[in-house]
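*Asks:* Here is what each chain is made of, one letter per residue.
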Amino acid sequence: ETGVTQTPRHLVMGMTNKKSLKCEQHLGHNAMYWYKQSAKKPLELMFVYSLEERVENNSVPSRFSPECPNSSHLFLHLHTLQPEDSALYLCASSPGQASGNTIYFGEGSWLTVV
Amino acid sequence: AQSVTQLGSHVSVSEGALVLLRCNYSSSVPPYLFWYVQYPNQGLQLLLKYTSAATLVKGINGFEAEFKKSETSFHLTKPSAHMSDAAEYFCAVSDQGGSEKLVFGKGTKLTVNP
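These protein sequence lines map, in sequence, to chains A and B. For what it's worth, this note's numbering labels the leading residue of the first sequence as 27, then goes sequentially. For what it's worth, this note's numbering labels the leading residue of the second sequence as 1042, then goes sequentially.
One chain only, chain B, in its complex shape:
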């Protein structure tokens, strides 16, 4: 069974600073990995996903994530934070080759300070 751990339920950065949101996964088979974003009072929106092609995945709004098998990590980064990036971010994992459900982490709330 898969699982996801997001380190830090809250992350606060200054506008223009690097954003780093951490995600570690556990899976007995090669995983698919996803990052979703949830803005206040909205549903979840896909930022990016890893499906075993390139290990560095670029998503929307300038975000990217790198799949590191040796570290079982899929951290989300953005070089320069904008105020509009304030939201909650969810990492999720499912396994390749099956119909396993998507397992979500508990989420990390990102605050961007002016």
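Pulled out of the complex, with its shape left as it was, chain A reads as follows:
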């Protein structure tokens, strides 16, 4: 139990569907992150939120839309995805955005796009 909870753990969606991934952290952290983990690729940082404000968007396609309503919750809204978007999506949090802070990961949401 890392203090970062992701739901659902598994999701299968068609290319025309709209779905959302949810993340909640119980650590009192100020920064939250979405990462994408694909086979044989390094972890890709997608979005960073600090104190509910988006501070980084790493050229992620607009079919991925993050939302951070408060410092404990982070969503990733998905629409019109492609099969190559199938991956493990990891949510994470850290006390702040400073570089020495440990990042705590959730267990991930496995997404399959059919």
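Hints listed in this document are in silico derivations from the structure and should not be mistaken for laboratory results. Hints are supplied without guarantee of correctness; some may be wrong.
To be verified - Which residues of chain B face chain A? A partial, calculated answer using Cβ under 8 Å:
#: 1; residue: Tyr1073
#: 2; residue: Gln1083
#: 3; residue: Gly1084
#: 4; residue: Gln1086
#: 5; residue: Leu1087
#: 6; residue: Lys1090
#: 7; residue: Thr1092
#: 8; residue: Lys1142
#: 9; residue: Leu1143
#: 10; residue: Phe1145
#: 11; residue: Gly1146
#: 12; residue: Lys1147
What the hints assert, rightly or not - Rough simulated footprint, nothing fancy, chain B against chain A, three-plus residues with beta-carbon under 8 Å:
#: 13; stretch: 66–73
#: 14; stretch: 129–140
Positions of the beta carbon are idealized from the N, C-alpha and C atoms, including for glycine.
Go by the hints and put chain B onto chain A.
*Replies:* Here is chain B on its own, set in the frame of chain A:
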């Protein structure tokens, strides 16, 4: 910009043997260095991190890593492998003094044979 190279995408050892997972980094400023472990179907968990205090860092589960500036390395070791150590291991780097993002290596999958 920082980067991380993990030599060997797969490492196989016998139970009780030494574990050595290699990580070399590139950074123009003093780095923070991390090792994370990912067990099957789980998120990433911090094993240990170097933050410019002692160069030999001890982590959880008997792992340790040594920061060697002259070799730009931060190799992960464990004297005696257990079956439960089978997992994927990720080295990561960020720079001190800034808010640079954490850059991950591609990972090394460790197999432990009975």
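*Asks:* Go through the numbered hints given earlier and state which of them the structure violates, listing their numbers in rising order.
*Replies:* none
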